[in-house]
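A.B. asks: Please build the complex by placing chains B and C on the supplied structure of chain A, with the hints as guidance.
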Amino acid sequence: MKKIICFLFVIVFVLSFAAGCMRVPEKPEEDYEVDLDIDKNITETITIGITNFEAEEIATEALIEGFNDVFPNVTVNVKKIGGVGFNQQIINMYNADLKNPGIMPDIIYTNSADGLQLIGKDILLNIQPYFDAAQEKGTLNLDDYYENYMKLGQKGYDGDQYIIPRSADHVVVQYNKTMFEAAGVDMSKVKNGWSWQDFLDTLDTLKAHFVQNKDTIGVDTPLEMHLTWEATWNPILVSNGAKVFNDDGSIALDSAETRKALQMIQELDTKGYIGSGGFGSGQAAILVHSQAASIGKAQIEALTYNGKKCEYDVVSFPEIGENPKVGCGVPGYGIYARSQKRDIAWQFLQYVLSKEGQDALTGGGYNSVPVRKDMADPKTNKWGEGMDDVNLEAYTYNMQNDIPTDFHVKYDVSYSYDLISALGNMVYYAISDYTIDEAIEKCVGELKYIIGRPA
Amino acid sequence: MRRKLQVNGSVVEYNRRTFKKFLLDNLAGMLFTLPLVLGLIIFSAIPIIQSLIYSFYRYDMTTTLEFIGFDNYANLLWGYDSAEVRGVFGRTFLYAIITVPLTLVLSYLVAVLLHQNVKGIKTFRVLCYLPCLIPGVVSALVWRSMLDQDYGIFNAILQAFGLSPIKWLEAKETAMFSMIFMGLWGVSGGMILWLAAFNNIPSTLYEAADIDGAGRVRKFFNITIPLSTSMIFYNLVTGVIGSLQVFSTFIMAGGGDGPEKSLYFIAVKIYKEAFQRWNMGYASALAWVLFVVIAILTSMVFKTSKWVYYGEEG
Amino acid sequence: MTKAEKQKIVDIVYHVVMYVVLTALAIVLMMPYLFMFFRSLMTWRETELVPVIFFPRGFHWENYATVLSSGNYLTYIKNSLIIALFNTFFIPLSTSLIAYGFAKTELFYKKQLFAIMLATVMLPGVVIQIPLYVMYADFHWLGTKLPLMIPSLFGGGAINVFLVRQFMRGIPIELENAAKIDGANAFVRYCYITLPLCSSIMIFLAVNTFIGCWGDFYGALVYLTDEKEYTLAIGIYNQSIYGGYDGGKTNHIMAAGVVMSLVPMLLFFGFQKHLIRGIAIGGIKG
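Each protein sequence line maps, in turn, to chains A, B and C.
For the first sequence, numbering that gives the first Met the number 0 assigns the number 0 to the initial residue and increments by one for each residue that follows.
For the second sequence, numbering that gives the first Met the number 0 assigns the number 0 to the initial residue and increments by one for each residue that follows.
For the third sequence, numbering that gives the first Met the number 0 assigns the number 0 to the initial residue and increments by one for each residue that follows.
Keep in mind that the hints were calculated from the coordinates and are not lab data.
All values reported here derive from a predicted model rather than from experimental measurement.
Just so it is clear, CB atoms sit at the ideal spot from N, CA and C, and this is done for glycine as well.
Wrong hints could be hidden among the right ones.
[Stated by the list, open to error] What follows is a set of in silico ranges between Cβ atoms, one per label pair, in the way DEER data are often shown:
#1 Lys227(C) / Ser275(A): 27 to 37 Å
#2 Lys227(C) / Thr434(A): 20 to 30 Å
#3 Lys227(C) / Glu321(A): 52 to 62 Å
[As the list claims (entries may be wrong)] Computed, partial: chain A to chain B, Cβ under 8 Å:
#4 Arg22
#5 Asn40
#6 Ile41
Next up, chain A with everything else stripped away, as it sits in the complex (with noise of 0.2 Å):
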């Protein structure tokens, strides 16, 4: 009987190094050729992969309805992407693509962030091909563009085009109006280019109101902001001046520098400022975040207080010390590497950077602020339409100071998500019950994990 299983044991043995050699595919082809001359009435189906949000869906139908004024014959399929992490998604679509091509869209959505490890698994298109033919040929050109915001859609944010980015998200301070003056907050301080001094006065006034009227409102905290968000932390701490790495790569975050960073963060909620109360559902006056401002004057208006009906607007993020910094990121576009249609995946893309393509993406419901210089100005540009009484200007001031979460491109980008998970948690433990000491040191001894592991 022995010998039986034995034998058993070996067949398996061998069958499971048959079933299963492992490979990787070979890499897709990076020299490739470029067609810019494509038939306005060519007949084809394209698929775009998006993320599962009724905004995003919005969005996207408008894009592709703009498209088709251009490409009328061009049917663009919609996949909707599940959430539980869209990159993991991508990827385990793309495992499956491998070997059963035709479940991968053409065109990928994501962000400057989620980019970063698409690229790094070779799943984008590097399109820099298509940018340099599309210059030379004058149907691109891009000084049109925020230099930064273009930068975020590269490899490791500064090489070749792999994304190309749809809108300019900008962090801004977005505010309850008619709070702000039943707390009697100073207004004139509350302007673009505002001070953080000015915006913790500000704070402490409506502090001061909140704790007086606990019994309407429901909470005592005025200010709605997601510390551990890295568009929120990071300007913080490149403002102050604090880095996490030295360019040799080793690790430069205990410091002076972060310890004040730090200390700007844990005032405000130490201060009580912080707290659970959503802006939407009228429990905060702040809100500070990127989203467009269609979203927030939405459901601000759709609130009462103290029987008035709530005004909203928006104002600049508080600026820091000399070298004040906006966080900032992009969601966009890539091709995939591996389609067969990337001639008019690249028409599509090229389209969302047109002026056209720019508007549609606004009249798709969400005034997203344009990725484009020359339509900066709301007052001229479809964007700003409908929010005249919204101070919009707060969503491209001072743009140049924009900064993206870039301390992790020094290192390979399968370190990516970690590294802003470890800054984040870094916050996190500053906010919560430790010193700001235990804080740092926590966060190098997670740095320290995260790049001792091989990439």
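C.D. replies: Frame of chain A; chains B and C shown alone:
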């Protein structure tokens, strides 16, 4: 038989015939169990060996495939990841060690309550069993909501009694406790098994004990427990295996690791290494370590299982 | 007071105490259910109120209509049903075939096979997960429901086979022998003699399988990529964690949760007897 041998004479022919007969006799059995054999080979044997093979590679399915010998094991046992792996295993063990016996004992107490002879007891049994029927995801989401620091019901109850709110899942000290606390609502699963065990014990034994004047406690230790050992044993084994692989912390932590990784358990770690970081080789090594640990534990439980009573038929 | 009267008072006190304790127990154990149910009837605003309220201020049944008509819940339910029904049919079938092989036929490697099968109970799912994923990619199964369906054709789990084998062993061998003499082959005997006698354990298996597949989260999490293929479990999870279609409003998620929990509950009420007996056999004999 003997006649055949005489008629046919040749020894070879005899063997062939019996072999044929042997095959024919076994044919039905072979056919009936064929799906199982195929299933075991395709869905268990091949994957388990492949998993072992993967564990010696750096493999991500998309760009990397490289033989690295024992590096994966070195990394997780004493290399860069050893501290985290120890933490993950430690938390998982702690959880298993607390929940398995606790559930067993509590489910016994509940079963005793539901074994009383009062009218309408069946309705109570059904009501108490219902929580077990909520699908895992839903249950985890409901609990997340109930344990929410601000909008949850438990803090509202605490505050109603003048106690200070607890951070539940949002602090590392209480996150594990919250998981265990939540696990208590699963006692009704064990309760049903206890009830069945009670019913299996011949009432004559209790009657005899009554005549001897034995009290409740003595009856419990001398009759109920000894006669339920096979059930206890079964639950112990499956409970340990199950709780070492618990994955619901993933949902409870909203797809994360919980505050300061306090909800980072081994199954979640393997899942994340494999399907979020795509370190398929490293995840396989982790899985094999877990496999070996579980195998050692179960064989230990089996070795020490002399106390188990399997009933008369054995 | 006579002895009988005393006894009666003790009896009443006992009953009162018992009912109080049992009711309290039931309420405590039912609390998650009630919490979910009441939240599903609130407006979104009510779920976000501080201080928290337990009972809804009005019964907003329209939440259910909203959930079922918005997003893709109907697709999720359809997918969950397809997977669950497929398994519900094939797991009892393949399990009973295999169990019959073990219980009623001659097989020279029966003991070894049985031992190997039982050993797989110890095999942690996560160990074989990764190779299976790679294998399913090779089979072109990723992103489809097949990984959640096809394995059911090859034996429905060691514990199930064990259970059914135990049950079949209890069926008197005389019935089999009589049919054998009449010339019925093993398959006919399985179909017409053994299987009908196993109906109760088959029902237990079927219902249990359905409940299990209906709630399966891990498999769906790993293998399903396309929104259109999502099951209810993964759909609800996505809504709640990532906001998804309508921003993950608590009341809508709870309504979806109630819908999802209702199915196993109804099955339980329908097949209570079989289930409780089956669970008991599984737990004790196992």
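A.B. asks: Run every hint past the structure and note whether it holds.
C.D. replies: We went through each hint and held it up to the structure:
| no. | hint | verdict |
| --- | --- | --- |
| 1 | Lys227(C) / Ser275(A): 27 to 37 Å | 36 Å, holds |
| 2 | Lys227(C) / Thr434(A): 20 to 30 Å | 50 Å, violated |
| 3 | Lys227(C) / Glu321(A): 52 to 62 Å | 53 Å, holds |
| 4 | Arg22 | 7 Å, holds |
| 5 | Asn40 | 37 Å, violated |
| 6 | Ile41 | 32 Å, violated |
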